[in-house]
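Take 1 as the starting number for the sequence shown in the working numbering and just add one per residue.
Incorrect hints may have been included.
Estimated spans, in silico, between C-beta atoms of each pair [to be verified]:
#1 F21 - V216: 43 to 49 Å
#2 L40 - G163: 26 to 32 Å
#3 V216 - L8: 46 to 52 Å
The calculated lysine-lysine pairs, modelled on DSS-like cross-linking and capped at a C-alpha distance of 30 Å, are [as the list claims (entries may be wrong)]:
#4 K88 - K73
#5 K121 - K228
#6 K228 - K73
#7 K121 - K179
#8 K83 - K285
#9 K296 - K121
#10 K179 - K228
#11 K83 - K73
#12 K296 - K285
#13 K179 - K88
#14 K285 - K121
#15 K262 - K179
Quick caveat, the hints were computed from the structure, so don't treat them as lab data.
C-beta: ideal position from N, C-alpha, C; glycine also.
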Amino acid sequence: MVTEFIFLGLSNSQELQTFLFVFFLVFYVGIVFGNLLIVLTVASDSHLHSPMYFLLANLSLIDLCLSSVSAPKMIADFFSKCKVISFKGCLAQIFLLHFFGGSELVILIAMAFDRYVAICKPLRYTTIMSSNVCVGIVAAAWGTGFLHSVSQLAFAVNLPFCGPNEVDSFYCDLPRVIKLACTDTYRLDIMVIANSGVLTVCSFVLLIISYTVILVTIQHLPSQKSSKALSTLTAHITVVLLFFGPCIFTYAWPFPIKSLDKFLAVFYSVVTPLLNPIIYTLRNKDMKTAMKRLRKWNMNSRIKP
């Protein structure tokens, strides 16, 4: 019986692995500081205590956790001759990956709903998006992520693994691991597509329809309001495309391509969590203003004895 799995990683070239180590280390440091900065800014600035920024802070927290499931292990493995993970560690990665991924999916849908209410029903915004509703949405996001993750893990926990034990990636995920099982996995592949694939595609279609309705509504607003709303929506739509693109290919596309699969795995786990804080901070005047206030407060607190 298999007690551990071996990652094949991204490359066998020592020179390239050194470059990738530096590259991904810089990215991961940016992910940690960028997302923590958003969470700290939203929590400390009263001007940002609104539903949109509350959801944004939760998105940043989830992005940080999602990247931390695989990135630290990948970075450490660049200098390991044998990239090994225990069987329980592999199952833990699968659980956490789908836990945070499922939670982020719900948060992105909630952010689209928040923008819909703010633009299409502005007079009822404070009533619909009350503090209790926002807390309930976040609780539902984490709960949905947990249920989705448990359902995914149930597919793999009782599978017989007797070899081979090489995973052609840098982290464990269900579609890759079930291929190593010593049994016919055709039904399991279909179940993964039916679970993660259908959920991802349906959520993506729902979001695209929602943002289309919002964009149509924006055309009837005054030019100043429409430009601000359009700038916010552009950031939201960009994040949605960055998140759902790799997910749809991984879990819903029935004909995976190994080289593209690895690229999208890197993009999903390292690049997207870094781009999200950049997109939301560089395109958002309120966030940039709040960060300036936070920096001034930090400088003044250092000057005072």
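Status of the hints after comparison with the structure:
Distance hint for F21 and V216: a CB-CB separation of about 47 Å, consistent with the stated range 43 to 49 Å. In this structure, L40 and G163 break the distance hint of 26 to 32 Å, their C-beta atoms being roughly 47 Å apart. The supplied range of 46 to 52 Å is met by V216 and L8, whose beta-carbon atoms lie about 47 Å from each other. Taking the CA atoms of K88 and K73, the gap is near 15 Å; set against the 30 Å cutoff, the hint holds.
Between K121 and K228 the CA atoms are separated by roughly 16 Å; this keeps the pair inside 30 Å, and the hint holds. Between the alpha carbons of K228 and K73 the distance comes to roughly 40 Å, so the proposed pair goes past 30 Å and is violated. Only pairs whose Cα atoms come within 30 Å are accepted, and K121 paired with K179 is rejected, the gap being roughly 48 Å. In summary, the hint linking K83 to K285 is not supported, as the alpha carbons are separated by about 44 Å, beyond the 30 Å threshold.
Simply put, K296 and K121 have alpha-carbon atoms about 36 Å apart, too far for the 30 Å limit, and the pair is violated. The suggested pairing of K179 with K228 is violated, with an alpha-carbon distance near 48 Å, which exceeds 30 Å. Only pairs whose Cα atoms come within 30 Å are accepted, and K83 paired with K73 is accepted, the gap being roughly 9 Å. Restraint check for K296 and K285: satisfied, since their Cα atoms lie roughly 17 Å apart, inside the 30 Å limit.
For the hint linking K179 to K88, the alpha-carbon distance of about 17 Å falls within 30 Å, and the restraint holds. About 23 Å separates the Cα atoms of K285 and K121, which keeps this hinted pair within 30 Å; it holds. With a C-alpha separation of about 16 Å, the suggested pairing of K262 with K179 holds against the 30 Å cut-off.
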